[in-house]
Amino acid sequence: MAAKHVIDPITRIEGHLRIEIEVGDTGTVEEAASSSTAFRGFESIMRGRDPKDVGLFAQRICGVCTYHHFERGVEATESAYGVTIPPNARMLRNLIWAAQLVNDHTTHFYQLHSMDWFDVVSALDADPQAATDIALQYHDKPYNASVSHYRAVAERLLAFVQSGQLGPFAGGYWGHPKYRLSPEENLIVASHYLDNLAIQRLSAKASAIFGGKNPHPQSLIVGGITSARDALDAHRIAEYQFLMAKSADFVERAYLPDMALIGDRYREEALAGEGGGLGNYMSFGALSLDERPWENRAFFLQPGLITERDMSTVQTIDPMRIGEEVAHSWYTYEGGEESLHPLDGQTNPAYTGFGEDGTLQTEGSYSWIKAPRYDGMPVEVGPLARMLIAYAGGNESVRTIMDDYTSQLGVPFEFWYSTVGRTVARGLETKIVADYVPTMIGNLTSSVSNGDDRFFNRFDAKDGSGWAMAEAPRGSLSHWLTVQGGSVSNYQAIVPSTWNASPKDGREQMGAYESALVGQPMSDPTQPLEVVRTIHSFDPCLACAVHILNRDGEEIAHHEVEV
Amino acid sequence: MTQTPRKHDPDAQANLDKRTLEHYEMLAAEADKNLDRLEAQAPLKDITLEDVLKRRGLSRRDFLKMSAVTTATLGLPSMFDLRVARAQEVATRLPVIWQELQSCTGNSMALIRNTNPGVDELILDLISLEYAEVLMAPSGHQADAVLEEAIERYDGQYIAVFEGSVPVGDDGNFLTIGPDGHTGMRIVEHVATHAAAVITAGTCAAYGGIPAARPNPTTALGVGDFLGQRGISKPVVNLPGCPVSSTNVTGTILEYAMFGRLPSLDAFNRPLWAYSDRIHDKCERRGHFDAGEFVEGWTDIQGLKDGLCLYKVGCKGPMAFNNCGVVRFNDGASWPIMAGHGCIGCSEPGFWDTLTPFEQPLAGRVYSTPFGTDADADTIGTVVLGAAAAGVAIHAGATAIKSAQEQRQGKQKEQ
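In order, the protein sequences belong to chains A and B.
Going by the working numbering, the letters in the first sequence line up with residues 1 to 563, in that order.
Going by the working numbering, the letters in the second sequence line up with residues 1 to 415, in that order.
Hints listed in this document are in silico derivations from the structure and should not be mistaken for laboratory results.
The structure presented is a predicted model; accordingly, all values stated were derived computationally and were not measured.
Covered by chain B, according to a simulated footprint, are these stretches of chain A (three or more residues, beta-carbon under 8 Å):
(1) 50 to 64
(2) 196 to 204
(3) 210 to 216
(4) 226 to 236
(5) 352 to 360
(6) 445 to 456
Every residue gets a Cβ at the ideal spot worked out from N, C-alpha and C, and that includes glycine.
Build the full structure now, drawing on both the sequences and the hints.
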């Protein structure tokens, strides 16, 4: 009979996530349930506010995807007001977006995810000379790779471990049989873990040049952007460029070689399809290339939908086909609807708690996350989805970097449909975006040096509905807004982790996390490294996922609780 | 350590009057006593400062210079430079537990992006970070075990840092954490009860922040208010900001290491060294305010280019208390006012409700006393031209608001 295992808290993520798995006699995950265990009631807080403030409120949904909720919130109001921003404002927003993406992806891999792949204790046994030789196999100028550097890193880690004060490394799954790297390889990745603690500050700093600060930038306004003075200052642009160039250098000489190393050592898991999941991939498009409404806009990474891993067709996204279900979530819909479009969204909490054995009641409701579906279908969102859609859509730089990767590794395209593939795709995307930054800077400088000093377009505030769709680093993010009597009457956000971490829907279809976990062989369910690795490969961001809007804020105070 | 310019002349000590000097000498004696005590404790980490400096490529002299900067940021005279340096040496003896509640993780992210010390130095070399969900390797039962071990081992000695508010509605069920699904309420009680002191990082933990904004759907509270309601008596330092300025976190921890007690606080339990000045008082655009030169609206591109005062586009700098303009963010890269956006007063209690709409100047409401009850920004602008006294009037207005908030706060506490 299957044994149930609870993993809560899932650490090294944003927010509060609980995963429960049932492992059968064969040591394979048979059932998986993903639950968010925190609720803040964001959308009812938005109600009655000035639509121009929506971005700053929405931004506080998440301090990790900090910029993206800000941008989407501002865009939702722009859409409701029918205002188009000037090109300079779009280009500055893109520069903040790109810096945030590079920051997010590198921080995610090294600080939040890498310890699922490298064993810090094993790194202590490494021979610094051998580590240097290995690093040279993966890049001809590997980052901070020298006998002296690796020796210093090993000594630093050793001092740390010997002190008995392991700090963040305490209680890890060290020595777990599913760690595949040699001591030297572990030392290389450990070294980059430490390097990135310093390097990630640079891209955050770059985003703050046009954003004012990070986390929680504060320079976007409905109709444009306020940091005109920075954009017109060659020194500020150069500072941004310099910081991003240093970040890109780290991506090129550390992050990508580590992706090659991990793909190499974990190829078996990848080719076995571990963590592959749904096979439906969706993107709303990343980096706007013009200021037109979303339906007509061109993107650097195109929007679209791929179903059942069919790479021959990229389907067009119709925003009206998005719906959210609550069959297994701690909410009810007033009319008992199976699914509601976000513009008609409701959020009436109905917490039913855990079962008598202290675990999730998966036959009933078990999460603060709703189940968003596209055309009734669960989808995966995130860097892998973006890369696959761009690949299928014929994006040349994406095709080249993905094909080069698989051919160097000698693996088929199916490599990508796995936990390993998801993690590697994030790394390759970082490179694609980092490489595009100089072009973006060139576009801005040529615009302002041609005398365009428009950073804001005038608008008339009016009632109506608006929405904004685009990609955040973790995946597809949409904000939906209705303005009545000059203030917000309904607000709904469907965020990447809502798509990925969703519980089952009314037709018992699993969300992306759950689907990726089922079938996972476990070497020891009490040391659930495999589960944590797969969940982290999605880059969970849970504060985002539990948002919720309520058309009638009062109801929250009167909901029934059955505990 | 921060890279802020010194606020004080190095020789300012000589000019201190006798009473102030006596006060500082008393403080210094206290610091020495506490540092002696900490130094006598067994180190939690077998790392000497010399190792740390060597790795960071710093000389002892560089280190003392950086300590001097920190001393100035903390608002202390230079006689404390050496003591700040000592505090950094013994800070490894300070266990810290960082617990997230109803949060967005923005404060953890701010800490990760701190410079001098960087997060690598902070977690590997300086403090002993026992528990921090965003950084730690283990999940689930193993993570829970790490927390319980740390609480037991350092009972009464660790600093509990909270990020995020505590929801008390629905018996606390809006937030559960850990394999046993404990509520946020229970976790705060448990972690705070065994702590030496509590630090709240960010406005949510300090005052409830955005979850507590109208209509406060989960009945979210700041950690201090929650502990007060539960009758748990613990020293609480509030470090509001959305997110908190990481300098204020590291500075407070160092100050605690130095004196063994919490810094002097204002009425909202904010350290005076960081929160005693209005944003407006230390604003780089202050000269334009005094000269009556404003960005008139977002179409005023020339005003934005010239970096004029943002009061008329809603800046809440005159009502907000923090050191943002001095330390800035992200290694001094910028701060909102530098980026052309008004301050939103994010370190003030209740700012989501009291200081919104953000783009609307609070003139009519705030500056009623000196300029008549319906004065708006234009009136102020007119009056300001040639009237240096206006700055004083603004402060009178902001002080009135602040005392009103204090009264409200006081009432809440009584309830």
